[in-house]
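Protein chains in written order, with my numbering: chain A, 1 to 115; chain B, 1001 to 1115.
Hints listed in this document are in silico derivations from the structure and should not be mistaken for laboratory results.
Ideal Cβ placement from N, Cα and C applies to all residues, glycine included.
Hints are all accurate, no fakes.
List of simulated lysine to aspartate or glutamate pairs, DMTMM-like, C-alpha gap at most 20 Å: (1) Lys1078/B / Glu1018/B; (2) Lys42/A / Glu1011/B; (3) Lys107/A / Glu1103/B; (4) Lys110/A / Glu1108/B; (5) Lys68/A / Glu1103/B; (6) Lys1078/B / Glu1014/B; (7) Lys42/A / Asp84/A; (8) Lys68/A / Glu3/A; (9) Lys1/A / Asp1056/B.
Rough simulated footprint, nothing fancy, chain A against chain B, three-plus residues with beta-carbon under 8 Å: (10) 1041–1052; (11) 1105–1112.
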Amino acid sequence: KQEVTQIPAALSVPEGENLVLNCSFTDSAIYNLQWFRQDPGKGLTSLLLIQSSQREQTSGRLNASLDKSSGRSTLYIAASQPGDSATYLCAVSPYSGAGSYQLTFGKGTKLSVIP
Amino acid sequence: DAGVIQSPRHEVTEMGQEVTLRCKPISGHNSLFWYRQTMMRGLELLIYFNNNVPIDDSGMPEDRFSAKMPNASFSTLKIQPSEPRDSAVYFCASSFRGAYTGELFFGEGSRLTVL
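Next up, chain A with everything else stripped away, as it sits in the complex (with noise of 0.2 Å):
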């Protein structure tokens, strides 16, 4: 069973610093994964995709990673702003055919961006 782990749970930025967001995944058979960002009562919002055959995808400040061998991915923030303070979540569809609606998700980073 496909287990997405997101770590730290919480972290807390001054504004301007650039910062990293993990998602670790436990099956490398992956189609896809998919980072959201989440506000406060809100909807999640894609943020990027990544193909299993992609490297990385790059979205203005918003730069993602995939090392599908090793079961990683990293967002990358750049000059962060208060604006960016939100929850990020990963989520991974399964290389399964018929079942790879599946997406797992993990629990999310909660960013603060402090001004």
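Knowing the structure of chain A, use the given hints to seat chain B on it.
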């Protein structure tokens, strides 16, 4: 597109009452998911529809829960009778699925409180 639309955003009800949550997926998406989020368990997949057909309802907690998707633009999740342990945020999400699940888009969620 307006995104995934859920209603109601908040629902407070008494134990034993029927609760109906509604979802309008993004136009053109052929996959629809109902998730439940709690602090203790994180995000749990309740049911998955593909082309309006329920494919996997193994995550539905018990017979008190039922879900329908009468057409491509509407789905409901019903709880009857509701219990305090059903209190959670219920999310609807949609995606375009070819062979595997693509990027997932979430609604804002329906926060249910059962007294």
